[in-house]
Amino acid sequence: MKNKLTRFLYRHRGIEGIVYVLPFAALWGVFLAWPVGYGIYLSLFEWNPIKGSRFVGLENYVALFRDVRFLNALANTFKFAALAVPLILGLGLLFALMLWSWGRTRRGVGFVQAVLFFPYLLTVSTVAITWKWMFDPDFGLVTHAFKALKVPAPVFLTEPAWALPAIAFATAWWLSGYRMVVFQAGLGDIPQELFEVASIDGARFHHKFLHIILPLLKPALLFSLVLTIISAFRTFGQVLMMTEGGPGRSTEVLALYLYWTAFEYFKIGKAAASGVVLLVLTLILTLIGVKLLGLKSELQ
Amino acid sequence: MTKIKAWAPYLVMYAIAFLWVIPTLWVAETAFKPNPDIFSIPPKWFPSRLTTAHIAQLFASWPFGRWLLNSLILASLVTAGSLFVSTLAAFSFARLQWRGRDAAFLTILVFMLLPLEVSVIPLYFMMIRFRLLNTIYGAALPMIALPIGVFLLRQFFLNIPRDLDDAARIDGCSSLGVLTRVIIPNSIPVFAAYGMYIFNYAWNEFFWSLICLRSAQKVTLPVGLRLIQGAFEINYGLITSAAFMASLPSLVVFLILRQRIIRGIALSSGIKG
Chain A
0 MKNKLTRFLY RHRGIEGIVY VLPFAALWGV FLAWPVGYGI YLSLFEWNPI
50 KGSRFVGLEN YVALFRDVRF LNALANTFKF AALAVPLILG LGLLFALMLW
100 SWGRTRRGVG FVQAVLFFPY LLTVSTVAIT WKWMFDPDFG LVTHAFKALK
150 VPAPVFLTEP AWALPAIAFA TAWWLSGYRM VVFQAGLGDI PQELFEVASI
200 DGARFHHKFL HIILPLLKPA LLFSLVLTII SAFRTFGQVL MMTEGGPGRS
250 TEVLALYLYW TAFEYFKIGK AAASGVVLLV LTLILTLIGV KLLGLKSELQ
Chain B
0 MTKIKAWAPY LVMYAIAFLW VIPTLWVAET AFKPNPDIFS IPPKWFPSRL
50 TTAHIAQLFA SWPFGRWLLN SLILASLVTA GSLFVSTLAA FSFARLQWRG
100 RDAAFLTILV FMLLPLEVSV IPLYFMMIRF RLLNTIYGAA LPMIALPIGV
150 FLLRQFFLNI PRDLDDAARI DGCSSLGVLT RVIIPNSIPV FAAYGMYIFN
200 YAWNEFFWSL ICLRSAQKVT LPVGLRLIQG AFEINYGLIT SAAFMASLPS
250 LVVFLILRQR IIRGIALSSG IKG
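If you read the sequences in order, they're chains A and B.
If you count by numbering that gives the first Met the number 0, then the first sequence holds residues 0 to 299, one letter each, in order.
If you count by numbering that gives the first Met the number 0, then the second sequence holds residues 0 to 272, one letter each, in order.
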């Protein structure tokens with residue numbers, strides 16, 4: 000009897016647990032999981048609303064990797080990540096170290112932190128407008144600065160070689176403050192005694208950096224690396240607003256390619272396939288990250 | 000000499016801060032400059048006079064107030080909805096026993112880091128069918144059930160001592176009682192942190208909003224700025240005044256809640272990086 004009761008209660012509790020998850024699970028299932036699944040499904044079809052869609056297997060993927068425009072977008076995505084990620088992380092770490100080593104004993108540093116962090120709160124459109132204006136070939140402040148230094152200014156956003164680096168720089172301006180705060184938190188967690196002991200032993204700053212800070216900050220750094228690469232792969236707004244993928248197609252990245260292909264040309268199957276490529280690329284990266292970080296243990 | 004040594008770090012830090020704030024200051028200044036000053040070579044650091052003509056033009060030619068309202072509604076809907084469903088789910092994952100719980104949690108988690116660009120295509124057709132395309136609800140719904148929310152809240156709930164639950168249960172609390180009387184009152188910091196994160200996320204969301212919101216009356220601020228930019232390529236006075244006005248709410252909130260926002264990021268950084 001007692002056994003039955005506990006069993007009933009256990010089952011009842013099981014139902015209760017599911018009830019609590021249900022609102023989230025329903026929204027998640029309908030608006031996140033299902034669309035991803037259906038997107039993968041769509042990538043196997045030649046989409047045609049009038050004649051009916053036709054199953055084509057992997058043809059969309061084959062077409063994709065024969066499409067010069069897609070390969071260009073893929074290359075640009077990697078190029079952008081290679082430019083933006085080191086800039087974002089490097090500046091973030093530099094700022095964090097600066098505030099950490101100079102800031103703790105000084106007043107008025109909160110202002111510096113606030114100014115470095117603030118761009119993160121701007122919308123991507125504002126960031127793009129700001130830097131488009133800064134880089135304006137005639138009246139932009141950057142152009143003026145080059146002139147003042149008597150260096151011929153590149154026409155940043157309309158010169159193929161400069162457009163992507165310029166967007167990457169704007170992105171770093173936007174996002175490095177967030178990384179700074181994350182790294183500051185990481186630095187704050189390092190036990191102070193380690194530095195005191197090192198100082199007694201006569202260690203200089205670069206010793207401390209290499210032998211204390213870097214090893215102890217490694218989890219935060221690797222984690223930030225994975226997340227920043229993912230966000231770089233997904234870059235869309237800055238590029239659309241600053242160059243629309245131009246000049247030519249020198250800044251067209253994957254998300255922009257997907258957007259044009261789906262919502263300008265309505266090649267739904269192909270666009271879905273490009274989205275799946277982006278998904279798989281990121282999945283691989285995430286798995287590498289999980290391996291590197293032993294993230295799995297943290298998630299349990 | 001020692002004096003210089005003491006002041007050098009200040010100088011360097013403030014110089015960097017100044018460099019970092021220049022673009023924003025320049026945009027703000029451009030928004031209030033008369034046109035001849037905007038297009039002057041060499042640049043005019045201090046405008047000959049200040050004008051609100053650009054801002055007047057902005058409000059006359061675009062439903063800017065409407066965009067602000069739309070953004071506010073969208074971000075509030077997403078924040079309230081997300082906090083609600085994520086709290087319930089995180090509580091279940093952290094405290095209740097049910098079969099398949101850990102597998103379900105892991106499945107949701109897998110989606111945390113994935114780029115869901117591919118999902119906008121099915122979402123677009125789905126919203127047409129639900130008649131939610133070009134509505135705030137259509138824009139908001141996909142942002143509510145974010146895995147990161149469940150993850151963060153669950154992580155925090157797990158650190159609340161179970162003894163408190165047990166005490167409450169002995170006193171006759173149901174699970175709902177445990178949630179509302181024990182878990183929620185002890186989790187205010189994480190609610191604040193996640194609330195700010197999700198509000199900012201929704202306020203700034205661009206990709207899906209651009210696809211979902213199609214008419215000038217319906218769009219949110221980020222998409223509205225895109226509309227202005229598409230219409231006047233060279234009207235820098237107008238476009239910078241729009242960018243300035245769009246940033247003003249964030250600036251005000253940031254000035255009030257600066258410490259809280261930064262601490263919130265530090266709190267959630269364990270996983271969000």
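Any given hint could turn out to be false.
Result set (DSS-like, lysine-lysine): computed pairs, CA atoms no more than 25 Å apart in a straight line [said to hold, decoys possible]: (1) Lys43(B) to Lys146(A); (2) Lys217(A) to Lys290(A); (3) Lys50(A) to Lys266(A); (4) Lys207(A) to Lys217(A); (5) Lys43(B) to Lys149(A); (6) Lys4(B) to Lys207(A).
Hints listed in this document are in silico derivations from the structure and should not be mistaken for laboratory results.
inquiry  = With the threshold set at 25 Å, check whether the alpha-carbon distance from Lys4(B) to Lys207(A) stays at or below it.
reply    = Holds, at roughly 21 Å.
request  = Would you check the hint for Lys43(B) and Lys146(A), treating anything up to 25 Å between C-alpha atoms as holding?
outcome  = 14 Å, holds
message = Does Lys290(A) sit within 25 Å of Lys217(A), going by the straight-line distance between their CA atoms?
response = This hinted pair holds, its Cα atoms lying about 14 Å apart.
25 Å Cα cutoff - pair Lys50(A), Lys266(A) = 14 Å, holds
request  = Compare the distance between the alpha carbons of Lys43(B) and Lys149(A) with 25 Å, and conclude whether the hinted pair is satisfied.
outcome  = With a Cα-Cα distance of about 18 Å, the restraint between Lys43(B) and Lys149(A) holds, given a limit of 25 Å.
inquiry  = Does Lys217(A) sit within 25 Å of Lys207(A), going by the straight-line distance between their CA atoms?
reply    = 14 Å, holds
Violation of the numbered hints given earlier is absent; every hint is satisfied by the structure.
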